[in-house]
Amino acid sequence: MNEPQSPAQRLRADFDGAYAEALRSPPEDGANLLALKLGGDPYALRMGDIARVMAGSVLVPLPSKTAAFLGLVGLGGEILPVWDLGSLLGYPRSRHTPRWLASSAGAPHWALAFEAFDGTLKASLRDFSPPYSGGGPAAALAVALCATGGHLRPVLSFEKLLQSIHQGELR
Amino acid sequence: MNEIHWTLGKKLVGSFAVAAITVFIVATFGYRSTANLIENNRLVDHSHEVRQALARLSDDLINAETGQRGYVITGQDSFLEPYNTALLDVEKSFVLVRNLTADNQAQQRRLDQVRPLMDAKLAELALPIDLRRAQGLEAAQKFISMGQGKRTMDQLRRILADMDQEELDLLARRNADAEASAGAAKTAIILGSILGIVFIAVLGSFISVSLTRQIGKAVGHIQSSSMELQAAANQQTTGVREQSTSMAEISTTTSELLAASRQIAETARRVAQLSGETSQAAGLGDQTVQKANESVAAIRRQTDLIVAHMLDLAKKSQQIGGILEIVNELSEQTNILSINASIEAAGAGETGRRFAVVAEEIRKLAERVGASTKEIRNLVEEVRAAVNTTIMATEGGAKAAEVGTKQFEALTTSFHSIVLSVARSAEGAREIELSTKQQTLAVEQMNTAMSGVAQATRETEASSAQTLQTSKELSQLSHMLARLVRTEVRV
Chain P
1 MNEPQSPAQR LRADFDGAYA EALRSPPEDG ANLLALKLGG DPYALRMGDI
51 ARVMAGSVLV PLPSKTAAFL GLVGLGGEIL PVWDLGSLLG YPRSRHTPRW
101 LASSAGAPHW ALAFEAFDGT LKASLRDFSP PYSGGGPAAA LAVALCATGG
151 HLRPVLSFEK LLQSIHQGEL R
Chain R
1001 MNEIHWTLGK KLVGSFAVAA ITVFIVATFG YRSTANLIEN NRLVDHSHEV
1051 RQALARLSDD LINAETGQRG YVITGQDSFL EPYNTALLDV EKSFVLVRNL
1101 TADNQAQQRR LDQVRPLMDA KLAELALPID LRRAQGLEAA QKFISMGQGK
1151 RTMDQLRRIL ADMDQEELDL LARRNADAEA SAGAAKTAII LGSILGIVFI
1201 AVLGSFISVS LTRQIGKAVG HIQSSSMELQ AAANQQTTGV REQSTSMAEI
1251 STTTSELLAA SRQIAETARR VAQLSGETSQ AAGLGDQTVQ KANESVAAIR
1301 RQTDLIVAHM LDLAKKSQQI GGILEIVNEL SEQTNILSIN ASIEAAGAGE
1351 TGRRFAVVAE EIRKLAERVG ASTKEIRNLV EEVRAAVNTT IMATEGGAKA
1401 AEVGTKQFEA LTTSFHSIVL SVARSAEGAR EIELSTKQQT LAVEQMNTAM
1451 SGVAQATRET EASSAQTLQT SKELSQLSHM LARLVRTEVR V
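Chains as they are written, first to last, in the working numbering: chain P, 1 to 171; chain R, 1001 to 1491.
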């Protein structure tokens, strides 16, 4: 009865099905999240904190005593400082510059670089839980934990990451 | 001092040569002395003959005178017999004297004086006889008394006495020469004999010592050689016995070899027959191999065609991959744009909610396109991998086909060679058959020859025993000879 579909048939079915679904609005009590991966671990950024997402932008490196600082990038008509999100969270620095960039929506404008984009997520309030203490730098910088899409993702915020950068520079 | 190493023959020849020279010298001296003695004796005899002839001539004259006087006194003819006989002999005696003294000029001159005196005497003797016969005794006595006859006879006696004295002197000298020759001959014979005896004694002693030494050495060598010969004869006897045993074994083996050769000849005949059949089968197989070779060449051409098509397919798959990269990038950019659109819609507040829905749909569509692109890329990668695998397999097949073709060509060549070899083998088998027959004949001949050799070996064994016996006798003989030589050395 249910014969295995070929990839083309499955794609056709998904494509046709997408137009058959009813239009859905984002949940009132939820939030849109940008899912990403660092060193194979799932993380998320709140879409409301992001001004723009880019991939493969030209990054100009600058010398810095901070290993997480990568350089400057031109984004949306502005020159923004770029910080390596993995390094901020304690991951070892990769030899390659992260491909994906997300700029902050609030002032001051700056950008985070990360390795892999994992899509966008819609989460309701039920999916969020407070971060636990003693979980390392990622747990300390997370504002919440989101259990959706089969993963438990620490939800990061530009503000807290910026505070961490300042505290690190002060130290 | 270096010893002269002369051979036995040289020493003997040298010694006998020295002895012969000595004898020759002594004989030469003796001969010359004897010849002188004989010549002197002959001359002495000659002198005696001359004296006898002179005496006879004188006697003839006296006898003639005696007969004449008897007749004159008696007047009887019987008294004339000595006269008549003397008349006949006196001429002979004179001629004899002249001949015997022909080498003596002085005697010849005296005979020249005798001749007229003798003729006058004979004439003087004849005249009184005639007077006695014709006129009687007185006339004859008167004539004789005149003394003419006496004077002539005295002259004749004096001349004949001189001649006799001459001969006596010659006789004395010749006797002295004969005695001197005899003494020289005696001296030569005595001294030569003494020298010869001394030489021969010295040489005999030298030869004896030398020969004893040499023969002693030779006997020693003969002893050692005879012992070695005895040992060798022993070994030879043992070896010949072993050889005889071996020959018997060889003869047995040759008989077995003969049987085996006959069996081989029969087998070779069968092999030749089978080789002929194999040669025919190989000819058919060669034709089959030729056809198979053509089929392999066709497979190789088809394989090359497949490889070309697969390479073209790989190239197109690569082009599809390039296009998919572009599509993937487009979907990614579309996704980014949809995210940014969602962000912008969220910033627009309530008015942006419906735009956010559209942006979400666009994002979903982009994600689907991206997912589909990934799947297509995976499929294309699988196709490319399959194509690559197929190309490699096909190229491997092509190479295998090429190798197979070459191998098949080699096989064809080999098979052709095999056909030729089989033909040659068949020929060779026939030759082997012929050769084996000849070999069988040769083995039969060899068997016969081996029997002869075995017989000869047995005879050699007997001969070796005889040699051993002879060597033992030789050894005993050498011991005896050694004892003999040592005894002589002591002597």
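Don't read these hints as lab results, they were simulated from the structure.
One or more of the hints may lead you astray.
The list that follows gives simulated cross-link-like pairs (lysine-lysine, DSBU-like), each with its CA atoms no further than 35 angstroms apart [claimed, not checked]:
#1 R:K1364 with P:K122
#2 P:K122 with R:K1011
#3 R:K1217 with R:K1011
#4 R:K1364 with P:K37
#5 P:K160 with R:K1364
#6 R:K1374 with P:K37
Residues from chain P that keep clear of chain R, each with C-beta distances beyond 10 angstroms, as calculated [claimed, not checked]:
#7 P7
#8 G48
#9 A51
#10 M54
#11 L62
#12 A67
#13 V73
#14 Y91
#15 R95
Sample of chain P residues facing chain R (criterion: CB under 10 angstroms; computed from the structure) [what the hints assert, rightly or not]:
#16 L11
#17 G56
#18 V60
#19 P61
#20 F117
No experiment lies behind these values; they were computed from the predicted model shown.
Don't be surprised by glycine CBs; every beta carbon is placed ideally from N, CA and C.
Non-interface claim for P:A67: all C-beta distances to chain R beyond 10 angstroms? holds, 27 angstroms
Non-interface claim for P:L62: all C-beta distances to chain R beyond 10 angstroms? Label holds. Min Cβ-Cβ 25 angstroms, cutoff 10 angstroms.
Is R:K1364 close enough to P:K37, meaning Cα to Cα at most 35 angstroms? Holds, at roughly 19 angstroms.
Closer than 10 angstroms between Cβ atoms is the bar; does P:V60 clear it against chain R? Give me holds or violated. violated, 21 angstroms
For the pair we were handed, R:K1374 and P:K37, check the Cα-Cα distance against 35 angstroms. Since the Cα atoms of R:K1374 and P:K37 sit roughly 19 angstroms apart, the hinted pair holds (cutoff 35 angstroms).
Compute the least Cβ-Cβ separation between P:R95 and chain R, then decide whether it is above 10 angstroms. holds, 23 angstroms
Within a Cα-Cα threshold of 35 angstroms, do P:K160 and R:K1364 meet the stated pairing? holds, 30 angstroms
Say whether it holds or is violated: P:G48 keeps its Cβ farther than 10 angstroms from all Cβ of chain R. The claim breaks: P:G48 does not keep its Cβ more than 10 angstroms from every Cβ of chain R (closest is about 6 angstroms).
Should the label of P:Y91 as a non-interface residue stand, given a Cβ cut-off of 10 angstroms to chain R? Holds: least Cβ distance 23 angstroms, greater than 10 angstroms.
Do the numbers back the hint for P:L11, that is, is its least Cβ distance to chain R under 10 angstroms? For P:L11, the interface hint holds, since the closest Cβ of chain R sits about 5 angstroms away, which is under 10 angstroms.
Evaluate the condition: distance from the CB of P:M54 to the nearest CB of chain R exceeds 10 angstroms. For P:M54, whose nearest Cβ neighbour in chain R is about 7 angstroms away, the distance does not exceed 10 angstroms, so it is violated.
Interface hint status, P:F117 versus chain R (Cβ within 10 angstroms): P:F117 check passes; min Cβ-Cβ to chain R is 8 angstroms, inside 10 angstroms.
Comparing the model with each numbered hint stated earlier shows that hints 2, 7, 8, 9, 10, 18, 19 do not hold.
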